[in-house]
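Please put together the full structure from these sequences, using the hints given.
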Amino acid sequence: MKTAAIIAEFNPFHNGHRYLLEQAKKITGAQHIIVIMSGNFVQRGGPAFLDKFTRTKTALLNGADLVIELPFCYSMAKASIFAYGAISILNSLGCVDYLCFGCETDTLPLLKTLSDISLNEPPLYQRILKKQLQSGQAFSHAKELALIEFIRSVPDAEWNISLSERELSQCLRSPNNILAIEYLAALKKVKSFICPVPVKRIDMGYHSMDTCENEYGKFAGATAIRNMILNSDSTYYDFIPQNTHEILSRRYRQFFPIVENDFSGSIGYRLSELYFNHRTELKQYFDVSDAIMNRIFKQLDSFVDISSFVNTLNSKSITSAYIRRTLFQLLLQFEQQDAQQIDSADKFPYIRVLGFNKKSAGLLTSIKKTRTPVITKLSASVSQLDELGKHILNLSLRADAIYRMAAMEKYKQYIPNEYQMGLIIDG
920 MKTAAIIAEF NPFHNGHRYL LEQAKKITGA QHIIVIMSGN FVQRGGPAFL
970 DKFTRTKTAL LNGADLVIEL PFCYSMAKAS IFAYGAISIL NSLGCVDYLC
1020 FGCETDTLPL LKTLSDISLN EPPLYQRILK KQLQSGQAFS HAKELALIEF
1070 IRSVPDAEWN ISLSERELSQ CLRSPNNILA IEYLAALKKV KSFICPVPVK
1120 RIDMGYHSMD TCENEYGKFA GATAIRNMIL NSDSTYYDFI PQNTHEILSR
1170 RYRQFFPIVE NDFSGSIGYR LSELYFNHRT ELKQYFDVSD AIMNRIFKQL
1220 DSFVDISSFV NTLNSKSITS AYIRRTLFQL LLQFEQQDAQ QIDSADKFPY
1270 IRVLGFNKKS AGLLTSIKKT RTPVITKLSA SVSQLDELGK HILNLSLRAD
1320 AIYRMAAMEK YKQYIPNEYQ MGLIIDG
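Going by the numbering used here, the letters in the sequence shown line up with residues 920 to 1346, in that order.
Don't read these hints as lab results, they were simulated from the structure.
Careful: at least some of the hints might be erroneous.
[What the hints assert, rightly or not] Once the Cα atoms are required to be at most 30 Å apart in a straight line, the calculated DSS-like pairs of lysine-lysine come out as:
(1) K1287 x K1108
(2) K1309 x K997
(3) K1277 x K1287
(4) K944 x K1119
(5) K997 x K1107
(6) K1277 x K1296
(7) K1119 x K1137
(8) K945 x K1309
(9) K1108 x K945
(10) K1309 x K1266
(11) K1107 x K921
(12) K1202 x K1235
(13) K1287 x K1107
(14) K997 x K1217
(15) K1108 x K1119
(16) K1031 x K1266
(17) K1119 x K921
(18) K1278 x K1288
(19) K1031 x K945
(20) K1107 x K1266
(21) K1278 x K945
(22) K1108 x K1288
(23) K921 x K1266
(24) K1309 x K1277
(25) K1110 x K944
These numbers were taken from a predicted model, which means no experiment stands behind them.
Right, here's the structure in full:
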């Protein structure tokens, strides 16, 4: 029995996601689909538009058999860390045959070549990357430019990339291609036997506000759909499955939408606290540079809300996503030593199941046979974990508690906490 996996945020679940799940089964012949899904904070930096339990329900209704949480320490990190965390979990399951991922470029040899260069970092590539960083480029753009220059500088290399510089640049800038390259690097890093399967996206792209219609249906990216919902534009119904629309309609303006500015008060307070009392703490936080903190403190008096503050801080060398991640890392207090402990672990310390389909209960039984502790109920499972597992789980629970408080404050109603929420079971 074959099993395919997908790494996703489903923020919110839309027709493109359903297409990906359908194609994953069609291409691989898999009988089951496992989803590794971000929790309440996502990779672009900031809170999920909908809580993780709502997103789990929509995934199960549309073809997923088992949904596993990607913990906070990975879900809100740069692409390489995000990918490594998800792949580490998948590899620990022992039952995944394929990893299917949507991307703008589905040419696997090209993606593997770019991934190999990025992972192995040949000396020439390192020198070019260093030069780009010294010129003031943000890391993501510096990496793109370094890859292009390196490939063009080694014409007799064993790979054959026929793309023009413009096409290669477009490939390297596409959000899902970036993740695809990192997934391939992570698979190699953990020496996984999981087979990668790229699936070409048929919508207008992750950040695009455009929509399209083709033989498979009507499509819009998650960014466009979130924008429609925020603007009370009911045409978003066309771009999500009917069952997802029914769930979102019931929960709209009761539990969602949640946006970054819902945390402005908390983050504003935290920045002021650090500025006046705890500057010595700054070096202990993960992926927080002196450059970003100097910029934050210099502009702190202009802080009104997160969105406008990010626009104020954004520059050639500091991207909006990095700024957002920094602000939330400071709020949630994810420390360097936490990251070092996690990075040094031989395997992922636990698997937290958010939900499953009754028809595929055997899949859950199968992963419970692995040596990795499987969490299905928090109150009964924490004692199984080692110290690292308890620490990673606690980081996620802290993030969940802050997310829950922001949602309750916004919508003025009680929301069950993590211990009160049970598994989402469908079917």
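Hints, one by one, checked against the model:
For a cut-off of 30 Å, the pair hint linking K1287 to K1108 stands: about 25 Å separates their Cα positions. As the CA atoms of K1309 and K997 are separated by approximately 23 Å, the hinted pair is consistent with the 30 Å bound. For the given pair, K1277 sits about 16 Å from K1287 by alpha-carbon distance, which is consistent with the 30 Å threshold. For the suggested pair K944 and K1119, the alpha carbons sit about 14 Å apart, so the restraint of at most 30 Å is met.
For the given pair, K997 sits about 18 Å from K1107 by alpha-carbon distance, which is consistent with the 30 Å threshold. As the CA atoms of K1277 and K1296 are separated by approximately 17 Å, the hinted pair is consistent with the 30 Å bound. Distance check on the hinted pair: K1119 and K1137 sit about 16 Å apart at the alpha-carbon level, within 30 Å; holds. With a C-alpha separation of about 38 Å, the suggested pair K945 and K1309 falls outside the 30 Å cut-off, and the hint is violated.
At most 30 Å may separate the alpha-carbon atoms for a hinted pair to count; K1108 and K945 meet this at roughly 28 Å. Distance hint between K1309 and K1266 is fulfilled; the C-alpha atoms sit about 14 Å from each other, no more than 30 Å. Using a Cα cut-off of 30 Å, the hinted pair K1107 and K921 holds, with the two alpha carbons roughly 21 Å apart. Taking the CA atoms of K1202 and K1235, the gap is near 23 Å; set against the 30 Å cutoff, the hint holds.
For a cut-off of 30 Å, the pair hint linking K1287 to K1107 stands: about 25 Å separates their Cα positions. A distance of roughly 25 Å separates the Cα atoms of K997 and K1217; the hinted pair therefore holds under the 30 Å criterion. Under the criterion of a C-alpha separation no larger than 30 Å, the hint pairing K1108 with K1119 is consistent with the structure, at around 24 Å. For a cut-off of 30 Å, the pair hint linking K1031 to K1266 stands: about 24 Å separates their Cα positions.
Of the pairs offered as hints, the one joining K1119 and K921 holds, with about 21 Å between alpha carbons and a cut-off of 30 Å not exceeded. A distance of roughly 19 Å separates the Cα atoms of K1278 and K1288; the hinted pair therefore holds under the 30 Å criterion. A C-alpha spacing of about 23 Å is found between K1031 and K945, which places the hinted pair at or below 30 Å, so the restraint holds. Straight-line distance between C-alpha atoms of K1107 and K1266 comes to about 15 Å, which keeps the hinted pair within the 30 Å bound.
At most 30 Å may separate the alpha-carbon atoms for a hinted pair to count; K1278 and K945 meet this at roughly 19 Å. With a C-alpha separation of about 24 Å, the suggested pairing of K1108 with K1288 holds against the 30 Å cut-off. Between K921 and K1266 the alpha-carbon distance is near 23 Å, which keeps this suggested pair within the 30 Å criterion. Straight-line distance between C-alpha atoms of K1309 and K1277 comes to about 28 Å, which keeps the hinted pair within the 30 Å bound.
With a C-alpha separation of about 24 Å, the suggested pair K1110 and K944 falls inside the 30 Å cut-off, and the hint holds.
Violated hints amount to a single one, hint 8; each of the other numbered hints is respected by the structure.
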